[in-house]
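J.: Chain residues, written in single-letter form:
There are 2 protein chains.
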Amino acid sequence: MLKDKIKVLDCTIRDGGLMNDHKFSLRFVREVYKALSEANIDYMEIGYKSSKKLFSPEEFGPWKFCADSDILKVIEGISSKTKIAVMMDVDRVDAGEVSSKKESPVSMIRVATYIKDIDKAIELCNEMADKGYETAVNIMAVSKAADGQLNEVLARLEKKCAADVIFISDSNGSLYQESIEHLFKKAKSCIKSKKIGIHAHNNQQLAFSNTLEAVRHGANFLDCTIYGLGRAAGNCPTELILGFLKDPKYDIRPILDVISREFIPLRKELEWGYIIPYAIAGMLDEHPRAAMALRDSAQKENYREFYESLTGVKKKN
Amino acid sequence: MLKDKIKVLDCTIRDGGLMNDHKFSLRFVREVYKALSEANIDYMEIGYKSSKKLFSPEEFGPWKFCADSDILKVIEGISSKTKIAVMMDVDRVDAGEVSSKKESPVSMIRVATYIKDIDKAIELCNEMADKGYETAVNIMAVSKAADGQLNEVLARLEKKCAADVIFISDSNGSLYQESIEHLFKKAKSCIKSKKIGIHAHNNQQLAFSNTLEAVRHGANFLDCTIYGLGRAAGNCPTELILGFLKDPKYDIRPILDVISREFIPLRKELEWGYIIPYAIAGMLDEHPRAAMALRDSAQKENYREFYESLTGVKKKN
Chain X
1 MLKDKIKVLD CTIRDGGLMN DHKFSLRFVR EVYKALSEAN IDYMEIGYKS
51 SKKLFSPEEF GPWKFCADSD ILKVIEGISS KTKIAVMMDV DRVDAGEVSS
101 KKESPVSMIR VATYIKDIDK AIELCNEMAD KGYETAVNIM AVSKAADGQL
151 NEVLARLEKK CAADVIFISD SNGSLYQESI EHLFKKAKSC IKSKKIGIHA
201 HNNQQLAFSN TLEAVRHGAN FLDCTIYGLG RAAGNCPTEL ILGFLKDPKY
251 DIRPILDVIS REFIPLRKEL EWGYIIPYAI AGMLDEHPRA AMALRDSAQK
301 ENYREFYESL TGVKKKN
Chain Y
1 MLKDKIKVLD CTIRDGGLMN DHKFSLRFVR EVYKALSEAN IDYMEIGYKS
51 SKKLFSPEEF GPWKFCADSD ILKVIEGISS KTKIAVMMDV DRVDAGEVSS
101 KKESPVSMIR VATYIKDIDK AIELCNEMAD KGYETAVNIM AVSKAADGQL
151 NEVLARLEKK CAADVIFISD SNGSLYQESI EHLFKKAKSC IKSKKIGIHA
201 HNNQQLAFSN TLEAVRHGAN FLDCTIYGLG RAAGNCPTEL ILGFLKDPKY
251 DIRPILDVIS REFIPLRKEL EWGYIIPYAI AGMLDEHPRA AMALRDSAQK
301 ENYREFYESL TGVKKKN
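Protein sequence lines correspond, in order, to chains X and Y.
Residue 1 is where the first sequence starts when you use the numbering used here, and the numbers rise one by one after that.
Residue 1 is where the second sequence starts when you use the numbering used here, and the numbers rise one by one after that.
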């Protein structure tokens, strides 16, 4: 059965960290790890490995750096089969600073990259594979890639990259089912030696359905976050994925529980989800940057003007 | 082009009325009508035609009855090509009380029915067609219908019903893309002389994507509501439909405008949208009744207990 091959990768703390400079408290991160472990989620992505030479620990919280010692504080004393994953951005990490797998609590390293940096990503990924980690490459902003360009990138990954999984990321939350079908059929035809994953954004309430559409066309690594937490519109909700899979290996109840206890209160401090400026950015295939700036301004509810500013269209009524 | 055949039916006031006993103020309903008219939406469903012999005007607002005189107050002085639609529930209306089309501001009458009442629905629908209205039948709770049963119902509608459109309604918000594909392929193969529509609920954030999936398989009448307003999890958002269609005949900006001015404030009074107990009801294919009762109680955030109460499963941790 298709479902047997599915792996669920919860990136609540990593993607959510983009909203608060990775400053989630140790208590909160442990609560999430405990819930994911009880639910038997396959992977928890906890943050970025970044170099402290490039980013200041004064400015960013611990999950921007993911020191092994900080990760150990999260997992200590919690019984778990959930593997820890971390993300790396090309050019923001010093590969030499990363310990080898056998000295680290981390199981998987994902390298996130735009298409233009694919060669650097392959190099970084291969280096991490050499250190003994499971590895993945996350191709961001695929909606902006020309079709032929993507073919070339996928062929290069298949041929030269040690990654176990290639993730396709709809960074702008702009893709509809038809594009997902097209992209995953293409990925499936180019990538034979690796698994394929999806990371979807929820600008247009399509993160969950696009994830299911990707599953219909061969994806088996599914990114999600608890209650859809994540920058701007957020991501595909973990609880909906478990509700769909109906796989007895997962238990949805600890996820429901941690939403009640931790995420409902958190929603009063952080804003994410279905918010019109993010929907507009999605439908226009724009980065959420401008929408985030709007939400931080006094014009935060001026949707029409925002739409007109992005499209440059101002028809008379 | 497929899109040219699409008709958008906004049922904000009708479906939203289920949340406040149809008591939206005349001012609010006019604002919605004005926005839909400026956006050039094809139909606005404004409420139910119900008999005052069966429901008390003390208890329910005007959009439970949709007197022609009340509808005239809504549309007066507003330039519009948007047609007015009303819904009827089998057994809740006195057909004799309904005026003929030529005396009424109403263009379309939709008869909503469960499968068990299909013969009554056909009779009522034909009576309304005889009065000169465009007509539709809305089949509720299709997720609960046995496959063979639905075949029979569709065949009967095709043969005996005057309706111009047959709507398929995912009342519990439980259907995934695959079921939508199956249902609409089936409907398309049985219904040759009429159009097919979809009414989707948003329990699992699938209302929009299921509407798009239905379009891929032949639906051309699309139900939606502004900002997804509607009972419990609400419906497919009108603004997302317009963003997808990118059809210059529609203008999304008046919709964005009315969301800013009217729906953001309204969200403080009425609760709808992605709320975990409604998601749970959707994933378990249950009517949202129990979830609505939970949200009215002191246990409103006890998601885990709610899930356990519906499934009867209580595994030890």
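A few of these clues could be false.
Since copy identity is lost for identical chains, a pair holds within one copy or between any two.
[Said to hold, decoys possible] Lysine-lysine pairs mimicking DSS-like chemistry, simulated, CA-CA at most 25 Å apart:
(1) Lys81 <-> Lys7
(2) Lys5 <-> Lys52
(3) Lys34 <-> Lys300
(4) Lys300 <-> Lys268
(5) Lys246 <-> Lys144
(6) Lys52 <-> Lys246
(7) Lys159 <-> Lys186
(8) Lys101 <-> Lys34
(9) Lys53 <-> Lys268
Hints listed in this document are in silico derivations from the structure and should not be mistaken for laboratory results.
J.: The structure should be examined with respect to each hint, and the outcome stated for every one.
T.: Results for each hint:
no. : hint              : verdict
1   : Lys81 <-> Lys7    : within (13 Å within a copy, 50 Å between copies)
2   : Lys5 <-> Lys52    : neither (37 Å within a copy, 57 Å between copies)
3   : Lys34 <-> Lys300  : between (36 Å within a copy, 23 Å between copies)
4   : Lys300 <-> Lys268 : both (17 Å within a copy, 17 Å between copies)
5   : Lys246 <-> Lys144 : between (34 Å within a copy, 19 Å between copies)
6   : Lys52 <-> Lys246  : neither (42 Å within a copy, 46 Å between copies)
7   : Lys159 <-> Lys186 : within (16 Å within a copy, 43 Å between copies)
8   : Lys101 <-> Lys34  : within (23 Å within a copy, 62 Å between copies)
9   : Lys53 <-> Lys268  : neither (34 Å within a copy, 46 Å between copies)
The structure fails hints 2, 6, 9 (numbered hints given earlier, in ascending order).
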